Amino acid sequence: MIEINNLVKRYGDIKAVNGISFTVNDGEVLGFLGPNGAGKSTTMNIITGYLSSTSGYVKVNGHDILEEPEEAKKCIGYLPEIPPLYFDMTVLEYLNFICDLKKVPRAERKEQLASILSMVKIIDMADRLIGNLSKGYKQRVGIAQALVGNPDILILDEPTVGLDPNQIIEIRKLIRKLAENHTVIISSHILSEVQAVCDRVVIINKGKVAAIDSITDLSKKLSGSSKLSLSFKGPEKEVMNALRSIPGISNVVSIVANKDTSISQVEITISNDSKTDVRASVFYAMSKGNWPILEFRSMDPTLEEIFLSITSA
Amino acid sequence: MTAVYKRELASYFRSPVGYVALALYGFLSGFFFINQYSGGNVNVSNEIMSLASFFVIIVPVITMGLFAEDKKRGTEVLFYTSPVSLFDVVLGKFFAAITLIAILFVNVLVHMIITAASGGVVNIGTWGSVLVYFFLAMLFISIGIFASALTDTQIIAAIISFVVILCVQLLSTISSLASSAVASLLSASLFNLNPEKVNSVCDKVASAISWLDPFSKTNDFRYGVFSISPLVYCASMALVFLFLTYRILEKKRWSQK
Amino acid sequence: MSKDNKVDNSVKTKKNDGVKSDIRNDKLKLFSIGSFLILLVSVLAINIIFGLKINKTTIDDYLTYDMSSTGQNSVSEITISYLNSLPANTNIRIVGLFDKPKSLRDTPYEYIVPLLDDYVAVSGGRVTVEYINPTTYPSIISELDPRGVYDLANTSCYVISNGGNIIEIMPVDCFTYDSEYLQYGYYLPTSNIVESKFTSAIVNLTQGYSYKAYFVTGLGEGTHTQLSNMFSALGIESSDIQASDNFEVPADCDLLVINGISSDITSSMALGIQDYLGRGGKLIVAVNYYNTNVAESYPNLNSLLSYVNIRIQNALVMENDTSLQINSDKFNTLVNLNSAFTSMAGEATLLRNSYARPITTADTPFAYIQTQPVVTTSSNVTLSQFDENTGNLIQNSVLGQYNVGMYATYEGTPNPPEVYVFGTMTFTSDEYISNFGFNDANVVFTRNIVRALLKAEDTVFVEGKALSDYSIDTTKVTSNSVTVLTFVLIAIVPLALVIAGVIVYNKRKNL
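Chains as they are written, first to last, in this note's numbering: chain A, 129 to 441; chain B, 1384 to 1640; chain C, 168 to 678.
It is worth saying that the hints were derived from the structure and are not from the lab.
No experiment lies behind these values; they were computed from the predicted model shown.
Take these hints with a grain of salt, some might be off.
Stated by the list, open to error - Computed beta-carbon distance windows for the label pairs:
| # | chain 1 | residue 1 | chain 2 | residue 2 | range |
| --- | --- | --- | --- | --- | --- |
| 1 | A | E236 | B | S1433 | 48 to 58 Å |
| 2 | C | V655 | B | I1539 | 16 to 26 Å |
| 3 | A | S246 | B | K1455 | 25 to 35 Å |
Claimed, not checked - The following residues of chain A were derived to be distant from chain C, with all beta-carbon distances above 12 Å:
| # | residue |
| --- | --- |
| 4 | E209 |
| 5 | S243 |
| 6 | G362 |
Heads up, the beta-carbon is just placed ideally off N, CA and C, and yes, glycines get one too.
Work out the full structure: start from the sequences and follow the hints.
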């Protein structure tokens, strides 16, 4: 269990972290969500003992990270945003070094490394030079490094950033597997990623907690303010009027209008209390008017919009 | 500490750096040795002391990457977030560099064996020089490690340690320069000072600066005269630099920049 | 609603904290800087403590140990016990009239400067060492030598000063040299007599000279600097006494030395010296058979020596026993030390001998004269003589055993004369002492007979120290082996290491 209380980190006059408090329960997967520069990495660095906080405290399984750093650090496996890899070592050499560093007893070492290697699926890469691995594999080695010493808690800072979609899916799978017997904190600036793996989300912005919510509550809130984007061929005004008349749609705004090709794009806002799926209604309305739909998709809200919607709610 | 020590020592020999250093050191010491050997007179102390003046090259090369590279690659996070003390990390890297020096020094041991086998002298003075060599190595390596912790660029670290070690090696020259500078300053000033008084002030300035000189302190070891204070000086100054390095690393935790 | 509360809370705390400075960071900063400063100050303090003085000796000096086998840079027990026997308020000032040498390596100072530091260390404040350059501090000259007796301004020497008297010592005089072997334009030092010089200077300044020795000069003899050095170290002041017709041995003469004269003394001198011997005088005579004196048969000297029943023959000793020859030279050989004298030459029983005259008894028939052979050849010796007309050596084929050194004294007399006569210069010449150093068995023997003659066995005497000899065994180091070693050490080994590096790099690169 991690207890974070009123954490502040100042850099000169700027407060990178400004009074963050939350608790991570055992066995839960917590998403740490926020735009770039919101203070995610700083908070994680404080939790892992890399940085000291200006005020407030972090307790890891009851050990204060500043007062009992060794005890606290033993409980944590950390993957920083840039995986701390030595490119001149092979995977096995590197993991053995981490075992030394984390004081894993010699007797347990072989077994532990074998299970870690199979869990993160890098057995085939064990004797390869880290510098020669692909980005996805490097990330796996980074995760393997965090797993050494069997910590209860894993803290992964932006684990999928910079990976290609296939690698992202693989890493997410891995995280879900790890979540079975670890407490996990994942930071991300992508909502869908957090939604995909987390039980609970802490959203921070400008160094402050904007919301703490379970992923289901959050989805509910977000669905309430969801938007659709529609591209079509046809007279813009007529279409917009037709759309506005559909029950459940609160607003239609024009985004692009090209008079020569008569192709337009509009943004449809769905009202909060709508119980029906407006998408079917939109389709029928369009087909009735004989206006071909060129593209129709739901728009992911930006983080700023989420904050707006959350804080305004 | 052993984790960092083992990694750093092995990393010297994972890349060509360790081998090239060994080859260069072997060539250099071999040259000094053959130079004496072919003349029929071998004083290994002379060879060791000549090699000691090459610390200014060797130490920056072997210490420049110790912390700078970790900072650049982001691997320093490991030290901050693992259950180890940062001072242990510093010590681990320090002893790895010392051990590399010891491995390089095997060259000289071979020369000592050849000397003894050729009916030459390997006496207590030779061992005194060996002792001094390693205490000087400790001092200079701690300076190199300190320089490496100041920056995340290896070259800058190397330049800093090169300059600092060069200054230490030139302390006796610097002391005489400082004393003549003070002399010209005092005699040019308006005080109508007795020239002997001026000279005594200059002597004090010079002796204060040369007090710091580890080379002049350890000069007698090569004649078999062992003394505690120069060793304490080298070791304690090394400790100062290592502790300073530790503090600089620790600073990252609380620094507001 | 709970989340809203939390947000509000954090905002509030931020407002409360906002203005306050970061106490925790300040603490850490203070701890960081403070702990470093404490360490720095304590390290400096420890190092400075070493320079502090207890009983006028620095702690550093107490913690210095000379482990060299010869103790090159430590004063010996003899000096220490002498210094400690002096009153505690004794002030012996050693002043080097030059800047303290910085680089000692390969200069005479490498054995002088550290040794003098050790004098200071062991003397309990009785000895001080300073380096004062008279060009920067001109007043030092008149301070040391107020009467202007010495030419101190122009010599880079050490001055030892005590009670208004001074003795100067030149650094180059602190060593004995092989005068036949020039190395880099300098004579090769053979031994280190730094301590011997300084200690005897201190002894002679503090207690004055105990004895007086006179060297007979003006008879084509060589110099006697080294013998004077040795005498001085034994507390014997040396003076010269010119050969002349109205020669008289001074009344204060404790020892008369006739050393390597190449022409005979006059008959009046013989009488004067006989008179001196009659008063219980001590005499050392040494002549050899070499170049300038082959025609000299020393009739007057022999008539003097007949007084103690000794005779120097006019012939050259040729040793035919090859085991005693040095480098197969029949004239440079080893001679046996008579068992009565063995304790006086250290461990040695064979001493060196060069172009020697045989020493025999004269036919003086008085039973109270006791003569004893000192050094003797093998029984395989022939004598030869140089023929002035032909320029050849005329060899006598009769084999025999000869003495090349003899001792004579009177028995049953209260104050008997004592005489040592050597037919070789290997005990007393400058050349020999310089080449072989103070620790050579011959020189040790000479020193001990002087002590025995003067009953001066208890004088403070510091032996010379052998210099470290770094030469390697030339029989093992042929030019071939040097070439091979050069090739291996500065070509093959480094190359092999570079190749190893390349292999490792390539192997790992593709892992």
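Going through the hints against the structure:
Judged by the Cβ atoms, the range 48 to 58 Å given for A:E236 and B:S1433 holds: they are separated by roughly 50 Å. Checked against the hint of 16 to 26 Å, the C-beta distance between C:V655 and B:I1539 comes to roughly 39 Å, which is inconsistent with it. At about 32 Å, the beta-carbon gap between A:S246 and B:K1455 stays in the expected band of 25 to 35 Å. Against chain C, the non-interface label of A:E209 holds: every CB pair exceeds 12 Å, the least being about 24 Å.
Interface exclusion of A:S243 from chain C stands, the closest Cβ pair being 23 Å apart, more than 12 Å. Residue placement check: A:G362 keeps its beta carbon more than 12 Å from all beta carbons of chain C (closest about 44 Å).
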